[in-house]
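*Asks:* Single-letter residue listing:
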Amino acid sequence: MSEGEQQGGERKGNYALEQLKQVRATRGAGTPAQIERSRRGKEMQNLILRAIADEAKTVPEISAETGLPEQDVFWWITALRKYNRVQDEKKRGDFVPYRKK
Amino acid sequence: MAASTQQLKADVLVVGAGIAGLQASLDLADQGKSVVLVERKPSIGGTMINLSKVFPTLDCASCITTPRMASVAHHANIDLFTLSEVDGIEKAEGRFRATITKRPRYIEEDRCIGCKRCEEACTVFLEDDFDHGLGAKKAISIPFTNAIPQYPVLDAENCLLCGACAKVCPTQCINFLQEPKQVEVDAGAVILATGFELTPIDAKPQYGRGGFPNVLSPLQMERLLAPHGPYGGVMRPSDGQTPSSIAYVQCAGSRDKSLGVPYCSRVCCMYAIKQAMLLSGSLPIADITIYYMDIRAFGKGYEQFYQNARAMGVEFVKAKVARISEDEGHNPILRIERQEAGTGPEEVRHDLVVLSLGMVPAWKPSQGGLIAVEADTDGFLKSPGMKLSPALTTMDGVFAAGTATGPKDIVDAITDAGAAAMAATNYLARTQPAPARHLP
Amino acid sequence: MTETNTSALEPSGDPVRVGVYVCHCGGNISDVIDTKAVAAALAAHPNVAVSNDYMFMCSDPGQALIIDDIKANHINRVVVAACSPTLHEITFRKALQRAGLNPYLFEYVNIREQASWVHKGDHEGATRKAVRLVAAGVEKVVRQDELFPIKVGVEPHVVVVGGGVAGMSAAVALAGRGLGVTLVEKGVALGGRVADLDRVYPTEERGADLVQDLTRQVEGHSRIDVRLGSEVVGLDGHVGKFAVTVRTSSAAPDDQDHLVRAGAVVIATGFDHYKPAQGEHGFGESPAVVTLPDFQAALRQCPASRRGLQVNGRPARSVAFIHCVGSRQIDGVHAPQADGKVNDYCSRTCCTATLHTIRQVQSRFPDVDVYDLHKDIRTYGRGHEAYYEDASRAGALFFRFPDEEPPTFAASTGGEYAGTVTTRDILTWGEELEIPVDLVVLATGMVPRDIASLIDLRKLPVGADRFLQEVHPKLRPVETGVAGILLAGACQGPMDINEACTAAQTAAVKAAILLANPTIELDPFVAVVDGERCDGCGKCLAECEYVGALTMADVEQAGATVRHAVVNPAMCVGCGACAAVCSPRAINVAGWTLDQFDAMVDAIIAEDVGALAHTECRAGVRHIEFAVISGGN
Ligand SMILES: Cc1cc2nc3c(=O)[nH]c(=O)nc-3n(C[C@H](O)[C@H](O)[C@H](O)COP(=O)(O)OP(=O)(O)OC[C@H]3O[C@@H](n4cnc5c(N)ncnc54)[C@H](O)[C@@H]3O)c2cc1C
Ligand SMILES: Cc1cc2nc3c(=O)[nH]c(=O)nc-3n(C[C@H](O)[C@H](O)[C@H](O)COP(=O)(O)OP(=O)(O)OC[C@H]3O[C@@H](n4cnc5c(N)ncnc54)[C@H](O)[C@@H]3O)c2cc1C
Ligand code: SF4
Ligand code: SF4
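Protein chains in written order, with numbering that gives the first Met the number 0: chain A, 0 to 100; chain B, 0 to 439; chain C, 0 to 632.
These are computed hints drawn from the structure, not numbers from a lab. Keep in mind that a hint or two might mislead.
Within a straight-line C-alpha distance of at most 27 Å, the following computed DSS-like cross-link-like pairs (lysine-lysine) qualify [unchecked claim]:
| hint | chain 1 | residue 1 | chain 2 | residue 2 |
| --- | --- | --- | --- | --- |
| 1 | B | Lys115 | C | Lys70 |
| 2 | A | Lys20 | B | Lys381 |
| 3 | A | Lys89 | C | Lys119 |
| 4 | C | Lys538 | A | Lys90 |
| 5 | C | Lys35 | B | Lys115 |
| 6 | A | Lys99 | C | Lys35 |
| 7 | B | Lys101 | B | Lys166 |
| 8 | B | Lys180 | A | Lys20 |
| 9 | C | Lys340 | B | Lys381 |
| 10 | C | Lys274 | B | Lys256 |
| 11 | A | Lys100 | C | Lys35 |
| 12 | B | Lys317 | C | Lys374 |
| 13 | C | Lys35 | A | Lys90 |
| 14 | B | Lys40 | C | Lys473 |
| 15 | B | Lys115 | A | Lys41 |
| 16 | B | Lys319 | C | Lys374 |
| 17 | B | Lys101 | B | Lys115 |
| 18 | A | Lys99 | B | Lys115 |
| 19 | B | Lys40 | B | Lys90 |
| 20 | C | Lys128 | A | Lys89 |
| 21 | C | Lys458 | C | Lys538 |
| 22 | A | Lys90 | A | Lys100 |
| 23 | C | Lys93 | C | Lys119 |
| 24 | A | Lys89 | C | Lys35 |
| 25 | C | Lys274 | C | Lys374 |
| 26 | A | Lys100 | B | Lys115 |
| 27 | B | Lys90 | B | Lys101 |
| 28 | B | Lys115 | A | Lys20 |
| 29 | C | Lys93 | B | Lys115 |
| 30 | B | Lys101 | B | Lys40 |
| 31 | A | Lys100 | B | Lys317 |
| 32 | B | Lys180 | B | Lys40 |
| 33 | B | Lys90 | B | Lys8 |
| 34 | A | Lys20 | B | Lys101 |
| 35 | B | Lys317 | A | Lys41 |
Note that the structure is predicted; figures quoted are calculated from it, not measured.
Let's have the full structure, built from the sequences with the hints guiding it.
*Replies:* Here's what the structure looks like:
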């Protein structure tokens, strides 16, 4: 049995904006720490994506080029790979090179 | 939105939807009993749906768990509540009254079509708990590919309230104002199937307190071995390298009084052997070493499984691992004392190490909440009728199934669930006036 | 007798529209097979209206794809190409049913075990093979009849074979559920092996008390009929309606056999102790070598006196326990058993039973020196590890012998002790040790009881370890391959008491599920006779191996009496032996007709899916429906 309860009904066009206004008013739109984390995340994604835009590279190669720690590079590669922004290439030695999609 | 309380009546309330809770629910519902099944996580399936393949058959875990999950979700006699917490269960006049809080997903389930567009649009990346931090998810995401139910959950703690998801949702089902809902269940009996957790990876200072990237928990290795795992293969979290030497440290967190876990966790020998076999299949040139004191392959077909692993070339070394450290390249270094051909302590370097962590209860009666049953000295639920009536707890009408009463593998958890369902059925027959439908 | 309603082939007018769904199985298939290409190739089949691929067809959204296509796109036949049908056939049939389509208008094509897993290195070949297999599935499903499950009326009664803790536990649970039970025990009393145990680990209760507790519950139940000194000598019928003949040899000659009708049967015949071979660790050659159960009995008998531990009238000042006797045997190291195989399994209970016994020796006779010789110590269960620790703390010495070099015993003549155990010890770096002992206790494992005659009654499945075999070792641990026959306790493999009782109660719940409703539904894949074509030659009858499944009978047809083959759908297993010999093609297995096979073969050898013939509105399927098989044969 499904657990969804019937709510149904038509929604007005900008219901979400209205809701967001209300929630932002009570809770604020993200703490400074969240916003900083998000900014830093975007920065790393961009650095990595730029490094592999034209040529597939392995994690150590991307790390060397961007100056980001290997572990962070790999985590972001995993994330971008899952959401179809990066693809694997044929393995070189012990490492998989990644390329921007 | 006004929070109105939903009222439900059922024969049995089952808490926890791991394989034990799922099987107990099916074994009741297939007899015509009505069941309310409550799971705290957003999807049912428990640990089993998180595994790669299962010993000793090496069946793909997803492939054999999903049918059970789907049968439960579609069963006419089972009402399922996910992302829900049982706040408390009181016994009065032979019945059990449970209050349940259904936490908001911030999407309206009757509108959602599971298209994942919200997840694609969201810009906030988080560590994915299903992949134990190895992979990523978004602040709004469907918990995993074959999650049941297939609804996304919005992580309110990390949502930046940017509204990107709401903009792309074709059915306008995102609801930022959703509130928790209260549900009250009136049940004739209760089954606790609250399951286990791994012993914490950071408990043991000698093993680095979880601070080394290439020292993994066994569930992290399960994910790396899973067909749709976070890396698309087995690699080192520190740098994406394919490891050529992998080691297992047995009893890391069990049979250890200093950790308060003096007992054997029963499954870690077998999952280590299983993972070692899977690794030698996917990384044929890698060396795999298991450091152990006793190999406890006691179940049906398990000894044969162990001997197969030895024949495949997995190396079993009788040794104590005294300490783990790492070098500057994040290569774990094990300080071991061999039992065979012992030449004093030595240090061995591996590319990747898995700690064979043990099991502790996911819910301990000492934590309070839920229900006033007693725990045994090991922290798991007490079984006062252990020998002949293994499903009993210390409260009449409350039964236990699966790893809630101690470490167990899947087959033992499933068998347990059947016994709990039988015990609950017979308890109902004794205590509830309405007889089973047509039976003499 | 049973009637089968087979309606004539009547075109319903709806065109045949097949939906094809190719599953990735999360990479299990799609890493090797180009699933998109398979879906695209099948789209060319003239009867295929929808052809798609998807990550997990078994998931809820995967099933929703099918349901939506049935409802919105008027799909009336479904082919899923995925993993093994044993995993998900029922999942998808139920999905069809939810969408309002007959659940048997479905074909499952296994492209995982039969393509992607076996052709890992050949992506193109595997893809080509998948296309042909799926095309054959489509050809089959367009010729599929609408089928309905066979309904069998049930007897709300269960026969339990074996009155040990497992059998008694199952009986009590079933009776509590309102079912009648016949409990058949070969011996003169209930209790099985537990009756022999003094104290049981880990609760330290008395074995006799446990047995008494269960016996009282069994005897207190009006619904349980206990038959002591009895065996099952006949096991006919089928799930829902077994006819079980129970023979009590001690009864009057004309009153020995008793027929019991039961909906299900639970087997709980338990285990035997492994009997060591002559000379195995000195067994049979010296009175100083005994088995664990014999030692336990001696210990129970031995009075607590100042003379210390006495076994068989001789003092035992130093005792060595050797683990894994008759278990974990290795080809080439151990002599094979009667069937030529070694016992390669672990007996699960003997490690803890040994340490439990060592603790009893230590607490009653603290002066006895105890040596424990093992490969691994497997005190896995709740409360088991404490015996190991306590034994060690109380001074037992543990030695670990190599797998290939089991310890040996040599009796001494005139020495201070009865003999010497020689072993290599891994824990002290492979040193060879000689231990002077008065007694050697062999921790003998479990072997199944000799129940060959019971097994033969129904060809019950037996594993390589000779214990009874379950259907699926993970997911269906108490069911056998014979529907309605369930397993409980140590007849299935080594188990301790609580594990045996848990299994028994699970077997009880499975029986309770089977018998919860007045009828059970069985799969309709059984032989069906086409009365028009049957010429009554009886060739099929000669081929049928299943007693009662097929008979020749006179039936009324178009005003005349003709001789025909008649099938009992509940006894027929759908093997198809009859269909193979029927030249007029009058007898066919429903869902697997010869016409379907012909079409599948044609599809497999066809070069081009698009060139296969379009099947017109054959949706006028035959409705094959069986009447309820009711009480009393
Ligand atoms: C690394 C690893 C590998 C393994 N591999 C295998 C294998 O190959 N083969 C095998 O047989 N076994 C294996 N196991 C063991 C197997 O995972 C367990 O036997 C099985 O998952 C136990 O199922 P369970 O239902 O008892 O518990 P769980 O899977 O833990 O399920 C309990 C459920 O209850 C929920 N819950 C807990 N508390 C509450 C609450 N208060 N309210 C609501 N819900 C709650 C939890 O969220 C969870 O979903 C492995 C274990 C590990 C750690
Ligand atoms: C040395 C030793 C010590 C042990 N100590 C402990 C302990 O301390 N704690 C613990 O938990 N477990 C212990 N065990 C395990 C325990 O003995 C078993 O778990 C238990 O006996 C299993 O019960 P059962 O009913 O499956 O089988 P059994 O006890 O073998 O009972 C089977 C019954 O079936 C009957 N039977 C057999 N064939 C037929 C037939 N064809 N027709 C009719 N009836 C038949 C038999 O007569 C018997 O009564 C020990 C085992 C050993 C070997
Ligand atoms: S199962 Fe093996 S690894 Fe786990 S605690 Fe027991 S002996 Fe140690
Ligand atoms: S339980 Fe212990 S003694 Fe028995 S077979 Fe297994 S390892 Fe050997």
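*Asks:* Next, verify each hint and record whether it holds.
*Replies:* Hints, verified against the model:
no. : hint                  : result
1   : B:Lys115 <-> C:Lys70  : holds (23 Å)
2   : A:Lys20 <-> B:Lys381  : violated (51 Å)
3   : A:Lys89 <-> C:Lys119  : holds (17 Å)
4   : C:Lys538 <-> A:Lys90  : violated (63 Å)
5   : C:Lys35 <-> B:Lys115  : holds (21 Å)
6   : A:Lys99 <-> C:Lys35   : holds (23 Å)
7   : B:Lys101 <-> B:Lys166 : holds (26 Å)
8   : B:Lys180 <-> A:Lys20  : holds (23 Å)
9   : C:Lys340 <-> B:Lys381 : violated (42 Å)
10  : C:Lys274 <-> B:Lys256 : violated (38 Å)
11  : A:Lys100 <-> C:Lys35  : holds (20 Å)
12  : B:Lys317 <-> C:Lys374 : holds (11 Å)
13  : C:Lys35 <-> A:Lys90   : holds (24 Å)
14  : B:Lys40 <-> C:Lys473  : holds (24 Å)
15  : B:Lys115 <-> A:Lys41  : holds (21 Å)
16  : B:Lys319 <-> C:Lys374 : holds (17 Å)
17  : B:Lys101 <-> B:Lys115 : holds (22 Å)
18  : A:Lys99 <-> B:Lys115  : holds (22 Å)
19  : B:Lys40 <-> B:Lys90   : holds (25 Å)
20  : C:Lys128 <-> A:Lys89  : holds (26 Å)
21  : C:Lys458 <-> C:Lys538 : holds (25 Å)
22  : A:Lys90 <-> A:Lys100  : holds (17 Å)
23  : C:Lys93 <-> C:Lys119  : violated (32 Å)
24  : A:Lys89 <-> C:Lys35   : holds (22 Å)
25  : C:Lys274 <-> C:Lys374 : holds (20 Å)
26  : A:Lys100 <-> B:Lys115 : holds (20 Å)
27  : B:Lys90 <-> B:Lys101  : holds (21 Å)
28  : B:Lys115 <-> A:Lys20  : holds (24 Å)
29  : C:Lys93 <-> B:Lys115  : holds (26 Å)
30  : B:Lys101 <-> B:Lys40  : holds (11 Å)
31  : A:Lys100 <-> B:Lys317 : violated (48 Å)
32  : B:Lys180 <-> B:Lys40  : holds (16 Å)
33  : B:Lys90 <-> B:Lys8    : holds (14 Å)
34  : A:Lys20 <-> B:Lys101  : holds (25 Å)
35  : B:Lys317 <-> A:Lys41  : violated (48 Å)
Hint violations for this structure: numbers 2, 4, 9, 10, 23, 31 and 35, all remaining hints satisfied.
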